[in-house]
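Asker: Now for the letters of each chain:
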Amino acid sequence: MTDTPEILVIGGGSTGTGIARDLAMRGMDVTLVEQGNLTHGTTGRMHGLLHSGGRYAVTDQPSAKECIEENRVLREIASHTVEMTGGLFVKRPEDTEEYFEKKLKGCKECGIPTEVLSNAEARQLEPYLAKDIDKAIRVPDGAIDPFRLCVANAASAEQHGARIETHSKVVDVLIEAGEVVGVEVEHTSGEGKRVHGRSGGREKIYADYVVNATGAWAGRVGDMAGVDIEVRPSKGVMTIMNVRQVDTVINRCQPKGNADIIVPHETTAILGTTDEEVEDPEDYPEEQWEVDMMISELSKLVPMLQEARTIRSFWGVRPLYEPPGTGTTDPTDITRDFFLLDHAARDDLPGMTSIVGGKFTTFRMMAEKISDHVCAKFGDTTECRTADVPLPGSEDFSVLRDYMDEFGLRSPIGRRSVQRLGSRADEVLKTNEPNPTVCECEGVTRAEVRDAISSAGSDLNAVRLRTRASMGNCQGAFCCHRMANELAMEYPEPVAREALDELYQERWKGERHAMWGEQLSQAMLKHLLHATTMNRDRDPVRVGSDVDFGAFDGGPAVGDDAGAKRAAADGGRRDGD
Amino acid sequence: MAIEEDVIVVGGGVAGTVAALSAAETGASVRLITHKKSTLRHASGLIDVLGYTPDADGPLADPFEGLDSLPEEHPYRVVGEDAIREGLATFDDIVGDEYHGEHTDANALVPTHGGAVKPTARYPKAAAAGVASDDRDMLLVGFASMTDFEASLAADHLDAAGVPFEARGVTIEFPKRFRADAKVTRFAKALDTDEDVGGRGTREALAAAVEPHLDGAARVGFPSLLGDDHRHEVRADLEAYLGAEVFEVPMGPPSLPGLRLEDLLFDALDEAGVGISSGNKAVGYETDDGEVSAVIVDRKGREIPYHADAFVLATGGLVGKGIDSSREGVREPLFDCYIPHPDDRYDWFVEDAFGDHPFTSFGVVPDDRLRPTRADGHAEFENLFAAGGVVGGANVAAEKSASGVSLATGVVAGRAAGDSI
Chain B
1 MTDTPEILVI GGGSTGTGIA RDLAMRGMDV TLVEQGNLTH GTTGRMHGLL HSGGRYAVTD
61 QPSAKECIEE NRVLREIASH TVEMTGGLFV KRPEDTEEYF EKKLKGCKEC GIPTEVLSNA
121 EARQLEPYLA KDIDKAIRVP DGAIDPFRLC VANAASAEQH GARIETHSKV VDVLIEAGEV
181 VGVEVEHTSG EGKRVHGRSG GREKIYADYV VNATGAWAGR VGDMAGVDIE VRPSKGVMTI
241 MNVRQVDTVI NRCQPKGNAD IIVPHETTAI LGTTDEEVED PEDYPEEQWE VDMMISELSK
301 LVPMLQEART IRSFWGVRPL YEPPGTGTTD PTDITRDFFL LDHAARDDLP GMTSIVGGKF
361 TTFRMMAEKI SDHVCAKFGD TTECRTADVP LPGSEDFSVL RDYMDEFGLR SPIGRRSVQR
421 LGSRADEVLK TNEPNPTVCE CEGVTRAEVR DAISSAGSDL NAVRLRTRAS MGNCQGAFCC
481 HRMANELAME YPEPVAREAL DELYQERWKG ERHAMWGEQL SQAMLKHLLH ATTMNRDRDP
541 VRVGSDVDFG AFDGGPAVGD DAGAKRAAAD GGRRDGD
Chain U
1001 MAIEEDVIVV GGGVAGTVAA LSAAETGASV RLITHKKSTL RHASGLIDVL GYTPDADGPL
1061 ADPFEGLDSL PEEHPYRVVG EDAIREGLAT FDDIVGDEYH GEHTDANALV PTHGGAVKPT
1121 ARYPKAAAAG VASDDRDMLL VGFASMTDFE ASLAADHLDA AGVPFEARGV TIEFPKRFRA
1181 DAKVTRFAKA LDTDEDVGGR GTREALAAAV EPHLDGAARV GFPSLLGDDH RHEVRADLEA
1241 YLGAEVFEVP MGPPSLPGLR LEDLLFDALD EAGVGISSGN KAVGYETDDG EVSAVIVDRK
1301 GREIPYHADA FVLATGGLVG KGIDSSREGV REPLFDCYIP HPDDRYDWFV EDAFGDHPFT
1361 SFGVVPDDRL RPTRADGHAE FENLFAAGGV VGGANVAAEK SASGVSLATG VVAGRAAGDS
1421 I
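Residue numbers (our numbering), protein chains in the order written: chain B, 1 to 577; chain U, 1001 to 1421.
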């Protein structure tokens, strides 16, 4: 064993990046591997609610207390990824008074600040709430951007010496003399940053300890190590609206149920969710009725949703876990608590711990506990500092400065860029080059896109997650190809082309769940721009067809009527005006 | 005074214009009603007829040779090859020498702003020197602040397609500095009026910036922003300075070639004496004995009937809002004409983004005189005809046939409306 323990973390979601940051800050030598992008799994497929804890205040008070505690921590250390919208638990006439009182009492018991609002007060705060609601409880819910949070965690880990490998799928867990000694990964692209079209090959990464933080995929890694981890993946749908119908998180005040939350997020509002157990975390049906249910149920809280425009839907899987033998049948009843499975104690397989279950809001606290556990293995008593040290982007940052003049950016584009970048704004936006807007819907400029490329490489989906480019109303109709154009500064044509195709298809994947009304019209426009104007669907390069150029029109009588002479001679019939 | 015409055309795009002109040719009095700016601002300005068969064979050198491969319900099969040729002839009359391609039946391959080549039947004169079958070397010029066009990427893409010439790309600063997000129209205006840049005109300054990169290229392509009203002068000046032909690469919205085409179409309507009512939306209709007797136009809250003997529906497809949809189904919002579509909206599309999406073919079902029909095959109304994107049965995006369908159906529907008086 070397002086500095080498730790391998599998999983690039909130938990994995949180652990990598924590251990790296404690001085450990950390490598993190992730099969896709950062946030590829559950973290990237949630509604971005920063829990106040109110949601668990009746059924699971320990979780509720953890949530409010971490809610306060994240507001401090990750301010540039958090929007403190506040939240409401709204009671409809058909919801019971008894539960309303329980919720109120539970919040108080857990130290969650509350305020009861009358119908009029709630509707003054959120004018589009249904007219017939009774009342509401106000709590400190918020919205948080899981992408930027994970990227900031990973960046912090790197600053403390960690190696972060995305697009590196674990294909084997290495076991020697009955002990886990590392993993073998398959790099689907080059080292560190994604580069398309270059095969990265396989790599054996040895470590003193392995942490399996793969959430819903934990069972897969367990299988490779020969241990049984029964995660119960449960899917949930989220539907994205094209505008923020509400500026506050709206929860339905009832015991439990599908389709009971609306989270305002950047320019959008996200409707959620369902809770349905599935077999395979990567392959499950995404169905029309789920989207329809979101709209019809949540219209009871905000009636205008019935006719509003959705821009896409996506599904995520929760990594639910309960100890063997509990036998809960309804996934909504399974605890949201997390479990630390030390395979030495549990399966007589030293060298590895798996982390399963848990909630996004408390990821840092989970990471702290797991890091404590790992450090204990090495007799290391270094204290956790992740609750006190701001993440990159959240250090000493004020959005009140007048960035409009400073960066020559127009408001609101400048304001939004600065909010996204936090304390990195100076570093990214101060450029002497022209800095045009690449994505108009989300107000993303070239400087931000190029900054994202410098850390994400040629993967435009990773650029999208870092910047929000292509995530607005037009779903990339006007900017996918511009993002690829920015890649062309550093990467050759085939790389830019493949990255564009990949991003375009990824956008379509969610957009097709919104194919009616305005969004179908928008989708047709996007299709016409990319298939007709650009001929990307039948592009001879893409489909690999040889073109007999000689058989086509070579132009109007070149030679007789060429060059300056032609153009000068035929001023055109509209030139007289 | 009541508005009373022989023929009313609803819709101001290519199909509506051609229908109105064709109706006027029969001697009918014609009025065209258009609500908003047409979708031409989104269009490339190229006039495609047929570039690929439904089986994706292509690009087709001869669009007419592909007609037999189309399904029976395709608008081209309904109107026939002669109508397509008439549509093109009408277009050629409208645009005069502003467009090329009329000298041959063969498609041209025009470079797109992503660097692919695309088959098209007619192209603006400004784009002519860029055709891909021409073997002279090409320099593409992009501007540092224009995110839509990356010249070196486009050049490399052309090269990957095996074009019979060498293509190079270079990015330069536009000689006049604008705000980073300046619209193409701002660039065009600077060139149109040859604004002063440090003691010389914008055109000369631009040519001087390109000249060091020329390296023997016989033709130089720019994104479509080389002037508007004085576009031919702008190109001629650049050509004279550079000693090379200059062309424009068609771009996405806002598209100057599309807007220029819109001007040409409206000029032709004016010349033909077609009345134009723009800015107000057609919201309903009145009937009399199974015929449409009037279209109701909402003029700032007042509902005004526009009476006529025959009507042409040219309101466009999903983009132009001639076809509307909800979670419950697909509808034609003005006359509530029948539009066949799968009940399950998850059958409206396929998983591959560039796959064969049923929604691309949504539209009314025409009879042989281009009257929209009901589910039972009978005409919705005796005197209502349809043209352009509102007509279903064609996958215009994949086939590259949008303008051709508009021209051919426009001619037939307009003439049928005029003849029915």
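Think of the hints as simulated: they come from the structure by calculation, not from any bench.
Being a predicted model, the structure only gives us computed values, none of them experimental.
Treat the hints with care, since some could be wrong.
Stated by the list, open to error - Derived CB-CB ranges, DEER-like:
#, chain 1, residue 1, chain 2, residue 2, range
1, U, THR1287, B, ASP292, 34 to 44 Å
2, B, LYS256, U, SER1293, 39 to 49 Å
3, U, PRO1254, B, ASP247, 30 to 40 Å
4, U, GLU1328, B, LYS377, 57 to 67 Å
5, U, GLU1286, B, ASP280, 55 to 65 Å
6, B, VAL543, U, ARG1077, 22 to 32 Å
7, U, ARG1136, B, THR431, 46 to 56 Å
8, U, PHE1064, B, GLN505, 29 to 39 Å
9, B, GLY379, U, GLY1355, 57 to 67 Å
10, B, ASP330, U, SER1326, 28 to 38 Å
Claimed, not checked - A few chain B residues that face chain U, going by a derived Cβ cut-off under 10 Å, partial list only:
#, residue
11, GLU158
12, GLN159
13, ASP388
14, VAL389
15, TYR504
16, LEU529
17, MET534
What the hints assert, rightly or not - Result set (DSS-like, lysine-lysine): computed pairs, CA atoms no more than 25 Å apart in a straight line:
#, chain 1, residue 1, chain 2, residue 2
18, B, LYS430, U, LYS1189
19, B, LYS169, B, LYS430
20, U, LYS1176, U, LYS1189
21, U, LYS1183, B, LYS509
22, B, LYS169, B, LYS131
23, B, LYS430, U, LYS1037
The C-beta atom is built at its ideal place from N, Cα and C for all residues, glycine as well.
Asker: If a hint holds in the structure, say so; if it does not, say that too.
Answerer: Going down the list of hints, with the structure as the test:
Separation of THR1287/U from ASP292/B is about 35 Å and conforms to the stated range, judged on CB atoms against 34 to 44 Å. For the pair LYS256/B and SER1293/U, the beta carbons lie near 58 Å from each other, so the given range of 39 to 49 Å is not met. For PRO1254/U paired with ASP247/B, a C-beta distance near 32 Å keeps the hint of 30 to 40 Å intact. Distance hint for GLU1328/U and LYS377/B: a CB-CB separation of about 60 Å, consistent with the stated range 57 to 67 Å.
For the pair GLU1286/U and ASP280/B, the supplied restraint of 55 to 65 Å holds, since their beta-carbon distance comes to about 58 Å. At roughly 25 Å, the beta carbons of VAL543/B and ARG1077/U sit within the given window of 22 to 32 Å. For ARG1136/U and THR431/B, the hinted distance range of 46 to 56 Å is not satisfied, since their beta carbons lie about 37 Å from each other. Between PHE1064/U and GLN505/B the Cβ separation comes to about 34 Å, which falls inside the hinted range of 29 to 39 Å.
About 58 Å separates the C-beta atoms of GLY379/B and GLY1355/U, a value consistent with the hinted range of 57 to 67 Å. Checking the proposed 28 to 38 Å range against ASP330/B and SER1326/U shows it holds: the Cβ atoms sit about 34 Å from each other. Interface hint at GLU158/B: violated, since its Cβ lies 29 Å from the closest Cβ of chain U, which is beyond the 10 Å cut-off. Proximity of GLN159/B to chain U is violated relative to the hint, the smallest CB-CB distance being about 31 Å (cut-off 10 Å).
For ASP388/B, the suggested interface contact is broken, since its CB lies about 39 Å from the closest CB of chain U, more than 10 Å. Hint on VAL389/B is violated. Least Cβ distance to chain U is approximately 36 Å, over the 10 Å limit. For TYR504/B, the suggested interface contact is upheld, since its CB lies about 6 Å from the closest CB of chain U, less than 10 Å. Below 10 Å, beta-carbon pairs count as interface contacts, and LEU529/B has one with chain U at about 5 Å; its hint therefore holds.
Restraint check, MET534/B versus chain U: the minimum CB separation of about 4 Å is within 10 Å; hint holds. The hinted pair formed by LYS430/B and LYS1189/U fails the criterion: a straight-line CA distance of about 30 Å is larger than 25 Å. Simply put, LYS169/B and LYS430/B have alpha-carbon atoms about 37 Å apart, too far for the 25 Å limit, and the pair is violated. Only pairs whose Cα atoms come within 25 Å are accepted, and LYS1176/U paired with LYS1189/U is accepted, the gap being roughly 11 Å.
Distance check on the hinted pair: LYS1183/U and LYS509/B sit about 31 Å apart at the alpha-carbon level, beyond 25 Å; violated. Between LYS169/B and LYS131/B the alpha-carbon distance is near 51 Å, which puts this suggested pair outside the 25 Å criterion. A hinted pair counts as satisfied when its Cα atoms are at most 25 Å apart, and LYS430/B with LYS1037/U does not qualify at roughly 38 Å.
The structure is inconsistent with the numbered hints 2, 7, 11, 12, 13, 14, 18, 19, 21, 22, 23, although it conforms to all the rest.
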